[in-house]
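Student: What follows is the residue order along each chain.
Number of protein chains: 2
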Amino acid sequence: MSAIIVESNTQEYTQTLGQNAKAASATMAKATAATKNAALKQLAALLRANTESLQQANALDLERARAAGLAEPMVDRLKLTPKVIETCAQGCEQLAAMPDVIGEISGMQQQPSGIRVGQMRVPIGVFGMIFESRPNVTIEAASLSIKSGNACILRGGSEAIDSNKALARLVQQALTDSGLPAAAVQLVQTTDREVVGHLITMPQYVDVIIPRGGKSLIERISRDAKVPVIKHLDGNCHMYVDDPCDVSMALTLVDNAKTQKYSPCNATESLLVAQGVAAEFLPLIGKVFADKQVEMRVCPQSRAFLADVPGAVLKDALEADWYEEYLAPIISIKVVAGVDEAIAHINQYSSHHTEAIVTRDHMHAQRFLREVDSSSVMVNTSTRFADGFEYGLGAEIGISTDKFHARGPVGINGLTSLKYVVLGQGEVRV
Amino acid sequence: MSAIIVESNTQEYTQTLGQNAKAASATMAKATAATKNAALKQLAALLRANTESLQQANALDLERARAAGLAEPMVDRLKLTPKVIETCAQGCEQLAAMPDVIGEISGMQQQPSGIRVGQMRVPIGVFGMIFESRPNVTIEAASLSIKSGNACILRGGSEAIDSNKALARLVQQALTDSGLPAAAVQLVQTTDREVVGHLITMPQYVDVIIPRGGKSLIERISRDAKVPVIKHLDGNCHMYVDDPCDVSMALTLVDNAKTQKYSPCNATESLLVAQGVAAEFLPLIGKVFADKQVEMRVCPQSRAFLADVPGAVLKDALEADWYEEYLAPIISIKVVAGVDEAIAHINQYSSHHTEAIVTRDHMHAQRFLREVDSSSVMVNTSTRFADGFEYGLGAEIGISTDKFHARGPVGINGLTSLKYVVLGQGEVRV
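Those protein sequence lines, which keep their order, are chains A and B.
If you count by our numbering, then the first sequence holds residues 2 to 431, one letter each, in order.
If you count by our numbering, then the second sequence holds residues 2 to 431, one letter each, in order.
Check each hint, because a few of them may be wrong.
Same chains, same label: a pair holds when it works inside one copy or across any pair of copies.
[Claimed, not checked] Listed below are the simulated DSS-like cross-link pairs for lysine-lysine, each with C-alpha atoms no more than 27 Å apart in a straight line: (1) Lys216 - Lys227; (2) Lys288 - Lys316; (3) Lys262 - Lys420; (4) Lys227 - Lys23; (5) Lys42 - Lys166.
FYI, nobody ran anything at the bench for these hints, they're computed from the structure.
Next comes chain A alone, as it looks inside the complex (with noise of 0.2 Å):
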């Protein structure tokens, strides 16, 4: 398809991509666990065999993003390194090494009619994909698709266009070299953003949409979107250190969780403490944050146990603050009655993400388990744990903070359905 009549009418270029995506999805339904390991195979030595041409062609990007003034660190975000494109590769063979869940049947019991229910494991379908920046996420998507038996329709960034293309063909050609339709994994060619408007708007072919990007994107997509989104807005994350706790222990979970990285949604960007434990800990993690110039937005009570550190930069902590996601080295502080509080607190102006608790006491732990309402609760360790990776999904697609299908991080299981399966022996309704 040439990028003229691309642009002339994005309506009916998005409609091919679907019914190709469709079509290649019953294919790909039905392919066995050898065809779809071996696509994955053949993707990882591609990619190590194309490692050259794949930065020229990111070179392209980077130069115009350069002559664009983009700022370093989002040209970095660009970067194809040898490094990148190995770990690219890797993913796909781990992906090609873990079981295939396709088809798998559970639960099967035996019915008081005489007839055996269970439920079978099988792929959404299609589902159309929405990124921006790391081109990398081109090949996390691909493979995944591949591997839980999906097509899927991709949609980077413009800034990534020919990263993306270049990568896309490599994937087509793995597919088509291994037997399997070269549709099951579309690279929209074209930067024209009424492809998104229609992309999600066509439930005839698109299962689900999984957009990842900013918030305002995402939210803009989930208002539009005529099929199901997985999705998070933000990662508002919050530790509580709880009364009684493992003081030097919440030293080390809290600046973990903080200051590892600052970026990533499963950073922490705001802190609870208890009343009985503040006065012994907040000076403690006040000094961690002093000296790695993390700025503290603080309720008046946390003040008082932080006016006397050294170098810290503190702020009276508005509203606004407990709703916000930083992303950077700032963290709102509060201090707390007790987990009821923690939990209340939580409950209102969390966005659902991950939250942990720092506790010795039982109770407490269950209770916040149980009771506080979002995609990932945990117990004596750090937020920045919420990962597909870390949480052996093998892979991660993106993080639902929805109750609904996938909640969490999302791997394959969350790009595929449950189906009844009933085996009889001529049993009737009666």
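Since the structure of chain A is already known, use the hints to place chain B on it.
Tutor: Below, chain B alone, put in the same frame as chain A:
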């Protein structure tokens, strides 16, 4: 709330219902199994103790229905007989006797980092249910909602409003008698249709909508809803009689699937017969249908085998017949070359509800199960078994033909979500 206020501002009224439900859902989510089961048993007791007053309320609906000239089968569906009330009471007791799945943690596994990761089953939160006619659905929905720890807002049909109000009063009494919030189950007290429009567009209060009723109602709700919808539009279910098969078993099963009841969504509407068994099977099933006055809409090939059946009502099938859910003594019949054509036909024309193959061929059975893209796929039994009770789910709130979240008969698990639970001993992310 007086009827006058209700009618004057449906938006405000629905908003209040939503706020109340949201608040109640937090209490329901942490309620113990014992408390929820006590409420269910109390509801059963109240239903039995109030059989007479329920029938008085029901009499108002029946009078109105007859005055409006409703057909007697429709009036029948409205009736709250002592038998219907006793069945409702028993349903509540059965749910009370089932294990509580809320808080159940599954798949807890240790990861390389040392953290242990599993998933906890939790309620969805608030569901809205929109239904027509049979008032016993009020009790089915309320009891499933209580057992699954959700709150719900029920919007029954105007034809059953007096019965539904009387039933909902008993539900709220059972809740408060057991120390649970009355707002955990709220019946919409007005028949104003605007309420439905508000109810399906309040994602801040309502997590999922479950519509049950006519296809056009469900289509409208699906189109306009701003929250997920659990639904099926229709049930164009197929029986495929394969070559080779046990012809006498096929005869029993197809007879049961079509004629045991004509109105349920899991009744078979279309019969596919493999060419190799058509000459033997079609005259036999044709006689069954002729005796029961089931009209046959046939393809040219099947007409040849059915033409000589005494009393057979044959019509040429139009393209539209392959899509049709008759819910009546009518069936479409087509001869196909074999399992490939059967699967292709079903995937093209079916409503993805329930399909069954009658076969002796193991490979054909496996392919049918894997490749037919429907919410229930069956071997050697009747499509009429697609039902929550028959599947051992205890009860069902509806049937979903979508692939997202819940597929097939939806029981308690379909009203729940899984959140990740992470247990650590001070591990940090490196």
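Student: It remains to establish, for every hint, whether it holds in the given structure.
Tutor: Now for the hints, and whether the structure bears them out:
1. Taking CA atoms no more than 27 Å apart as the test, Lys216 paired with Lys227 passes in both settings, with 19 Å inside one copy and 18 Å between copies.
2. In this homomeric assembly, Lys288 and Lys316 come within 27 Å of each other (Cα to Cα) only inside a single copy, at 15 Å, whereas the closest approach across copies is 86 Å.
3. Taking the closest pair of Cα atoms, Lys262 and Lys420 come within 27 Å of each other only across two copies (24 Å); inside a single copy the shortest separation is 40 Å, beyond that limit.
4. In this assembly of identical chains, Lys227 and Lys23 lie within 27 Å of each other by CA distance both inside one copy and across copies; the values are 17 Å within and 25 Å between.
5. For the homomeric pair Lys42 and Lys166, the shortest alpha-carbon distance inside one copy (20 Å) is at most 27 Å, but the shortest distance between copies (62 Å) is not.
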